[in-house]
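Participant: Protein chains in written order, with our numbering: chain A, 20 to 545; chain B, -1 to 85; chain C, 2 to 109.
Calculated from the structure, these hints are not laboratory results.
Hints should not be assumed to be uniformly reliable.
Here are some chain C residues pointing at chain A (derived, C-beta under 10 Å) [what the hints assert, rightly or not]: (1) Leu66; (2) Leu67; (3) Leu72.
Covered by chain B, according to a simulated footprint, are these stretches of chain A (three or more residues, beta-carbon under 8 Å) [stated by the list, open to error]: (4) 217 to 226; (5) 237 to 249; (6) 281 to 287; (7) 320 to 330; (8) 436 to 442.
Keep in mind the model is a prediction, meaning the values are calculated, not measured.
C-beta: ideal position from N, C-alpha, C; glycine also.
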Amino acid sequence: MKDGFRQSMAWLHTWTGLLVGWVLFAVFLTGTAAYLRPEISYWMRPELALSRPGPHNAAVAVAAMQEIAPASPAWFITLPDARETTTRVFWRDPAARGRGFRSEVLDPDTGRPVAARDTLGGEFFYRFHFQLHYVSVLWGRWIVSICTMFMLVAIVSGVITHRRIFADFFTFRPGKGQRSWLDGHNVCAVLALPYHLMITYTGLVLFMMMVMPWGVGTAYPGDQRAAFNAEAFGNPPQRQRTGSAAPLVPIAPLVQEAQRHWPGSAIGRIVVANPGDSSATIQLVRADSARISNNAQSLTFDGATGALLHASGTDRPAAELRGVMYGLHIGRFAGPLLRALFLLSGLAGTVMVATGCILWAVKQRQQAARQGRIGFGTRLVEHLNIAAIAGLPFAMAAFFWANRLLPSGMAERAAWEVHVFFIAWGLCLLHPLFRPGRRAWAEQLAAGAAGFLLLPALSAVSTGRHLLATLEDGDMVRAGFDLGLLACGVMLAGLCWKVARHRPAPAPSGRTAGQAPARPVADLPQ
Amino acid sequence: MGIALRVLAGAGGGYAVAALFTAALSLGLPMPRAEAVLTATMASFAVYAAAIVWAFAAPGVLRAWAGLAAVAAALALVLFLLQGHLP
Amino acid sequence: MMAFALAYSGFTALCLAMARHHEQILGRRAVTPRRRRLLSGLGFLLLAAALASLVLAEGWGMGTLLWLGLLTTAANLLVLSVCYMPRAAPAISAGFLVLGLVSTLAGA
């Protein structure tokens, strides 16, 4: 029975992994990029100078909102921090399309909309990795959540399948075809296993109330989400609009009081409900870089009198555990070293998914070579592997290119950057139709490599500031980003070189794939 | 055919078990109501994963379905009893 | 840095405790069971020392996270070094330890 169990788990692992592998690859890669969201946003707005958060950011932002959206029922203000150089604001506007929100990116010192090109910046990768694009937000989240559930099952069944998990712990045998792909897959999976489990499970937990609403439904019969949110997360009860006008109190004293509550840590967000009404409330939320847990601590003040109404942040175990899971997933608490480790682990996850998909195709090829014909399924998987794995980096490069090349006054400019990303990706999906497998791999990787390697040069030409100049200015974020782009380019070029250089080896002899040099997918004749 | 039934058992039956588990625990756990909901919901994905593994690991399709159905029935009974106690 | 060095040499010792890699790295055939136990014991001890040093420096939450992250990185590097230049693995490990000691002393 034991072997049967392992076999069925292997089957489960293969299919859960393969069916959604390409989505997972995209989610992993863009999610990894999202760890650098503030840096990407900063690089994509070359007009901005590096600014440090100052003591007046909160007051400036509130004053700005009073001009931009005095009649809005709610403002959500995210203040700048050591990494994020802009103030980001959202506000409710019942007249707005879609979910009824508008947003703006403000200069933290003047409160005016930033004088920069219109772009989504790193926000695009961040949003894409949990709600995709071109589909409604709700659909996107459901799709990603379902794929994440597949991932969880793939991880669990993979661990069960891979019985020699520790015997093979340090083993990587390059240049041996299928064996190498398997080793690579194992190494990436096993060495970062705690990370993979963490990121997958916490990813599910982030949307658990959408995916698994039955607990709230039974414990809070009727429509009592607000009551649950108040009890679970200590959110203050909402106040009804009274209709009588009352000016907002100055925010500076409230900020000072909050800082007395949380010595040494900054205010991350401000939520103002019913501004200008006598029922107004001002909620100050502690910056989430302060603790691992993202179980937000906040203070709520009366907007008309300045009296403290409510201090939230329950430290009850389940709420705190959820906060820790949330915090771990978004990794915003992490310092530079830990963030680098998160990035590496994220890349390991990306490589794990990629090698898994390729491994399947290699295996099918070998079986097909024995039987003498290649099925449609194998071709389809190989095709999608190229488009997803080699194509996505190219599309990301195209996104950055669009950022530098599209005219800054263009209408819908931010949306067009995203369109360019998907057009580039779409081309990568068509391209393998016309080129044999190995050439398609090499050409797409080469295009991606060229895209990344030339970006710093393009950036220098279009913005007039080159790498050495930014280094001299001490703008390490921009300089580091340019160097990172070069590193991505070198990595893709290395992969491309490997694929292109590989000479087809003699056909594998029977079942001794471990000894006979088998062929990696890249050099199989079409 | 067997595979299709197992997929159905894992995805559909597993979700039903996880949902019943969440609902029952949300009411039954001896802690504040909101805490119980959070705990149950956070644990539900582990239950779902386990149910899917069971659906594929069980020696026969019939056993896979029977196991899930038995667990679901037990959870539904618990849920029913707990709801009976609510005012 | 010291923690990373500890993690790296811990993995090196664990790796040496496995017959296949022992042969690959040291070029010697047999590894006696006694030696294997010794090496794996040493390996786990070093990993634990890495955890201890991080927890002392950063507290439980951060310390454990950093430890897991460093384990991943150290093991990845070791896999690559064992794969492409097996003979050098112990030397690299010793080098990291020296670097770790120097940086600890310099920091103190």
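Participant: The structure should be examined with respect to each hint, and the outcome stated for every one.
Facilitator: These are the hints, each one checked on the structure:
no.	hint	in the structure
1	Leu66	6 Å, holds
2	Leu67	6 Å, holds
3	Leu72	8 Å, holds
4	217 to 226	holds (count 3)
5	237 to 249	holds (count 4)
6	281 to 287	violated (count 0)
7	320 to 330	violated (count 0)
8	436 to 442	violated (count 0)
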